[in-house]
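Sequence order for the protein chains is A and B.
Every letter in the first sequence is one number past the one before it in the working numbering, and letter 134, counting from 1, is 177.
Every letter in the second sequence is one number past the one before it in the working numbering, and letter 225, counting from 1, is 289.
Quick caveat, the hints were computed from the structure, so don't treat them as lab data.
Where hints are given, some of them may not hold.
[What the hints assert, rightly or not] Pairs of lysine to aspartate or glutamate residues, derived as DMTMM-like cross-links and limited to a Cα-Cα distance of at most 20 Å, are as follows:
no. : chain 1 : residue 1 : chain 2 : residue 2
1   : B       : K438      : A       : E143
2   : B       : K438      : A       : D101
3   : B       : K438      : A       : E201
4   : B       : K438      : B       : E471
5   : A       : K197      : B       : E471
[Stated by the list, open to error] Not everything, but these chain A residues come out facing chain B in the computed CB check (under 10 Å):
no. : residue
6   : D113
7   : D115
8   : A116
9   : L165
10  : P169
[Stated by the list, open to error] Just a sample of chain B residues kept apart from chain A, beta carbon distances all over 12 Å, derived:
no. : residue
11  : S114
12  : N161
13  : L513
14  : P575
15  : G611
16  : H672
Nothing here was measured: the structure is a model prediction, and the numbers come from that model.
By construction, the Cβ of each residue, glycine as well, lies at the ideal position given by its N, Cα and C atoms.
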Amino acid sequence: MTLTFGKSATATRAELTLEWRADGSLWAVRGEEERPVSVRRCFPWTEPARHLSLRDADEEEFAFVKDPVDLDARSRAALERALAVAGFVFEVTSVLEIEEEVEIRRWQVETRQGPRTFQTRLDDWPRGLPHGGLLIRDLAGDLYHLSQPEHLDKQSRELLWAFVD
Amino acid sequence: MSTVQQLDDQIITRYIAQPLRLPAELRREIERVWQGAPVQLYALADLDQSLRLTEAWVALGPRHVAVARRSGEEWEIRSFERRSIQAVREAPGLSANTLTILGPPDEPALALVRYTHRQRRAFENIRFVLEEGMGDAARGTGARHEIPGMDADRVYAESIARPIREAQALVSGRQTAVLRRLIGYLKPYRRQLTLGMGAATVITLVSLIPPYLAGVLIDHVVRPAQAGALPLERAWTIAWIAVAAMAVVYLVKQAAAHIRLRLMAILGEWVARDLRDELYEHIQRLSLAFFSRKRTGSLITRVSADTDRLWEFLAFGVVDVSLSLVQLLGLGTVLLTLDWRLGLIMTVPVPFFCWVIYRHGENISRLFIRAWRKWSRVTDVLSDTIPGIRVVKAFNQEQREIERFGERNEDVTAEFNRIHASWTTFWPLLVLGVHTMTVTVWVFAVPRLLGDGVALPVGTFVSFLLYTTMFLGPIDVIGQMARTINRATTSAHRVFEVLDTEPEVRDVAEPVRLEPVHGRVTFEHVTFGYDGVRQVLRGVSFDVTPGELIGLVGPSGGGKTTIVNLIARFYDVTGGAIRIDGVDIRRLDTGHFRRQIGMVLQDPYLFHGTVLENIRYGLPDAPLAQVIVAAQAANAHDFITKLQHGYDTVVGERGHTLSGGERQRVSIARAILHNPRILILDEATSSVDTETEREIQQALERLVAGRTVFAIAHRLSTLRKASRLFVIEEGRLVEHGTHAELLQRSEGMYRRLYELQLQLQ
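Using the sequences plus the hints, can you model the full thing?
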């Protein structure tokens with residue numbers, strides 16, 4: 044069964060092109076229309092590479108990319124660059140400390156981006172992801188991804204034991 | 065420096081590894097580049113272009129923006145004028161956000177910075193001020209948006225620390241300080257505490273007597289009598305005296321136990337009561353902003369479960385821990401005195417046992433975290449499916465939900481069984497360890513009892529054995545001491561967190577009481593922002609004379625509810641002033657003033673209790689006849705008398721046994737009886753059907769007569785009778801006039817909204 048609703052245009056090679064311009068923004072061009080856009084993944088964890096919503100400054104969907112292979116090579120490269128920023132999360136490489144305080148849990152970790160300390164609520168548990176791995180959301184809303192917790196060092200695994208199934 | 069600012073600084077220092085403020089030398093350098101103009105606002109861009117953690121700063125001045133990036137030991141500063149800014153864009157990502165400040169079209173961006181969500185609030189402040197400035201320029205006012213009475217350091221610290229402060233409003237201090245403060249609550253009950261501690265000391269000391277007496281009896285009475293060294297008659301006398309002494313010891317011990325248990329339990333209860341009273345009284349005084357930050361469940365737990373846990377600690381924990389230490393010391397001393405060789409066997413391993421119990425506690429807490437996490441998955445299913453049972457049934461998903469629950473239930477059971485496996489192994493092993501000590505004592509004692517080596521009297525050995533049975537209790541208490549104290553200090557923290565929160569709305573030293581309140585309400589250039597920077601109201605001015613009915617209309621989020629919240633003084637204005645009968649609202653006695661205000665809200669809140677109690681909530685002593693008159697005026701009397709228990713009907717929690725329209729009419733009756741001079745109607749008829757709306761409208765017309773009324777309504781037809789209508793959009797009063805006057809404005813917002821609603825009907 045195929046459901047087709049809504050008005051937003053699905054990208055095809057002919058009608059949508061993407062490019063980075065001097066103003067530092069990703070621009071989407073479709074026929075006569077062009078707008079600076081940001082990329083939103085519809086399924087950031089289930090299918091991160093497909094089903095992408097391109098939204099303008101007013102958060103309106105300007106175009107929808109079902110699959111980047113539908114775009115020309117330049118647009119695809121531009122889109123990939125935008126996706127790297129939009130999909131950025133901290134990649135945890137080791138866990139140094141997990142401490143409980145009155146209402147919060149304090150985490151000290153090493154990430155690919157550098158050392159980081161963050162806090163979560165005591166009842167906010169790491170979330171298991173569809174393709175494995177864990178995702179932790181801190182009090183400010185930043186995300187920390189542990190792609191393969193079982194392959195971390197021994198100390199990290201011991202500290203994480205209570206949080207992993 | 066204010067308490068909140070100190071707390072924010074503590075939070076940043078302790079929890080967030082980033083600078084407490086803009087580095088002083090950089091600030092000086094930026095201000096030098098700006099020829100002395102001050103830095104008004106700043107934010108840390110903590111991601112570089114390749115998304116690695118870095119330190120770059122964006123600073124905002126009255127006429128400039130500067131972006132500073134580290135270049136080795138130096139700062140590379142790029143500054144540009146605010147007037148060259150054409151647009152500001154923010155692209156949010158999962159954890160990386162991009163702020164682009166744009167100049168003329170087709171030119172490179174003036175600035176492009178990336179930052180995590182931790183910095184997002186600080187950047188939103190900058191973005192807001194820049195956009196306001198661009199708006200001012202576009203409107204031709206020429207004025208750059210100023211930040212009302214803020215210092216940049218405070219705004220920055222507040223924006224970074226806020227998420228943590230909202231989750232935990234006290235930075236965990238030293239346990240000893242928290243304990244000292246907690247024990248301070250015992251001060252008023254010094255006499256009971258001294259007696260209770262005295263009784264507990266007596267218990268500990270007299271517990272040491274029976275084993276000693278047993279030894280003395282064997283060595284100095286029984287054995288000499290058996291050996292013929294002591295006349296039987298004298299042996300009988302001494303033995304009976306010893307038995308009587310033992311009986312007295314047990315009597316004294318139990319009497320002391322009675323005194324200790326009773327006094328300490330009652331004392332703990334008094335302290336818990338004092339804490340609950342203080343906490344509840346303080347909660348009642350706190351501003352609305354506090355309640356929007358804290359979850360209701362968390363506050364209820366603090367007043368109930370946390371104070372209960374503190375009772376347990378104060379009643380038993382304090383005494384148990386201190387006396388167990390005394391008991392262990394006493395036992396060790398007695399054993400070493402009785403026989404130092406055997407004494408060493410019993411006392412040397414004690415610290416090891418305490419450590420093992422402590423470690424076990426640590427391990428089991430990990431197991432509990434895991435079980436707690438899985439337990440929350442079970443409760444997630446319950447809290448999803450029970451309120452949503454209609455959806456489950458409509459989509460025929462019962463079996464799937466049963467399986468989902470079963471799976472999680474199985475999972476949590478396995479975790480709890482893991483905990484049981486742990487403690488059921490640990491404790492027998494621990495007791496076995498203590499028994500091993502006892503056996504070792506036997507191994508060393510038997511040869512001596514049989515005459516090989518240093519002589520060991522049988523009585524001394526019996527005393528010794530009896531003392532060894534008393535070891536396990538205090539070892540257990542001391543081993544668990546860390547956990548007991550941890551639990552108590554956690555609860556104390558949660559209670560003190562609320563007690564240390566200052567109400568944001570406070571009365572001045574000698575507040576004014578308006579008697580009577582006439583109901584004139586004046587807004588003079590009122591600005592207001594919930595976070596101090598982003599303004600929800602921007603220079604709103606109006607003057608409402610007593611008895612006017614003002615309709616507040618406009619798009620959602622425009623600031624209508626904020627206006628009525630400010631009139632009720634739930635918050636204080638950030639700029640400008642509100643006057644009631646010409647007196648600044650901040651100079652009024654808030655409690656007295658609020659008694660002159662009535663509110664009928666969209667979702668009327670009824671308390672658990674009878675209809676009568678709910679109508680009389682503002683005036684508990686109002687005569688019954690007046691209650692009926694108020695209910696009649698509110699069109700509520702008819703349905704109330706149809707209820708089985710009439711006005712004495714218990715309406716249940718939040719009044720959910722009544723329909724929405726009925727609850728609304730009870731709340732109108734409550735407002736009528738309260739007889740306020742200023743009345744606030746916030747969407748009072750929006751959630752009811754047409755017939756009920758008609759009845760409520762009639763009731764409201766009776767209610768508003770002779771009062772100053774502010775009515776918020778989305779259905780504009782309900783405000784036709786308003787004396788004046790204020791159209792509020794984006795925090796500004798954009799139109800005002802009567803219904804007819806506003807309809808005459810062909811390009812007016814009110815007319816547009818009105819026509820839109822007509823079309824929808």
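Right, here's what the structure says about each hint:
no. : hint              : in the structure
1   : B:K438 <-> A:E143 : 18 Å, holds
2   : B:K438 <-> A:D101 : 41 Å, violated
3   : B:K438 <-> A:E201 : 18 Å, holds
4   : B:K438 <-> B:E471 : 11 Å, holds
5   : A:K197 <-> B:E471 : 29 Å, violated
6   : D113              : 23 Å, violated
7   : D115              : 23 Å, violated
8   : A116              : 23 Å, violated
9   : L165              : 9 Å, holds
10  : P169              : 9 Å, holds
11  : S114              : 9 Å, violated
12  : N161              : 9 Å, violated
13  : L513              : 49 Å, holds
14  : P575              : 35 Å, holds
15  : G611              : 43 Å, holds
16  : H672              : 27 Å, holds
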